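Asks: Read top to bottom, the protein sequences are chains A and B. Residue 23 in the numbering used here sits at position 23 of the first sequence, with consecutive numbering throughout. Residue 1117 in the numbering used here sits at position 117 of the second sequence, with consecutive numbering throughout.
Hints listed in this document are in silico derivations from the structure and should not be mistaken for laboratory results. Bear in mind the structure is a predicted one, so any value in this text is a computation, not a measurement. We treat Cβ as the ideally placed atom computed from N, Cα and C, and that holds for glycine. Do not take every clue at face value.
Okay, the calculated bits of chain B under chain A, using three or more residues with CB under 8 Å as the criterion [unchecked claim]:
#, region
1, 1008-1019
2, 1035-1045
3, 1048-1061
4, 1075-1082
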Amino acid sequence: MQTSKSFHQMTEAELLELALKGQTGAYGEIFVRHRAKAFALAFQYLRNHEDAKDVVQDAFIKAYKNLSKFDCHRSFGPWLLTIVRNLSIDAIRRTKRSAVQELPPSLPDTRARKADSTVLRHEVWAALEKLSPDHREIVFLTDYQGHRYLEIAEILGIPIGTVMSRLHHARRNLVGVLKETAEKA
Amino acid sequence: MNCEEIEVSLSGYLDKELTQQESQRIELHLQSCPRCRKVLEELREAQRAAQTLKMAQPSHEEWRHMESHILEKSTRSAGWVILIVWSIMTAAYALFQYAMSPNEPMIQKILVFGLFLGIALLFLSVLTERIRESRTDRYKGVQK
């Protein structure tokens, strides 16, 4: 099929329709648009670069195989991230891995790191590790990935009211842990 | 609305997820409640902190490799399905033509059909076993 627009100019629905017709290039563009968020979410669960890559690959393959069941006028992102989440949880169960494997590079010396923004990021990672998995994932989806509550409700399979209350408790816990860390330092 | 009810909605207020009416109600409460203002400031602090997170992404080369792997695998499975369906249809058509042919003796037709039936049953049993095993295989994620 001859298309007047190039793939990167197309809407997501147009790309998905072409992918369904067997145009792999269109699915390649879908991959480019969603890969970063998919990888970040998988890494958030698995804390391992290679495992996260594997999960992202499997999720895109699974999504492609089920594309005919997907309503192309819905947003593809939350659906894909639901698959990423499920595959990540399966991978954790399979390997019985605790979620702490590959924290971003080790923390520099405490005294020298007060004004360093990279230190804040390390501290936030460490603080997130102290939250429950439910709280960690909701903070990650909202504040790191910038999803709306409706999308988060779809990804996690929970009502929107639960998203709001869970996020509230998660953020309060995060502040508590960050304060605790600051007092110790 | 009391402080407890307001508190749970503060994250929604911060993320602009509430209706205009709900937001106005919260703003009105915040004007007269230092405790809820403090909670809101804490939530904002948590939000800012989480927004500073940085994560290393795969390199350009890794992305390219992943993309070709995904596209190859996705089209390969479609190819397998087409191949299997077409093979079955071709075999069924050939058998039908053979069965309808008046020149072949009946005993020969029975022997050929028996042979194909055996192969088909064997193929089906292996296929169903493989599908069942792949669903419950605890080691399928283990790299060989």
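Asks: Kindly indicate which numbered hints from before are broken by the structure, ordering the numbers from low to high.
Replies: none
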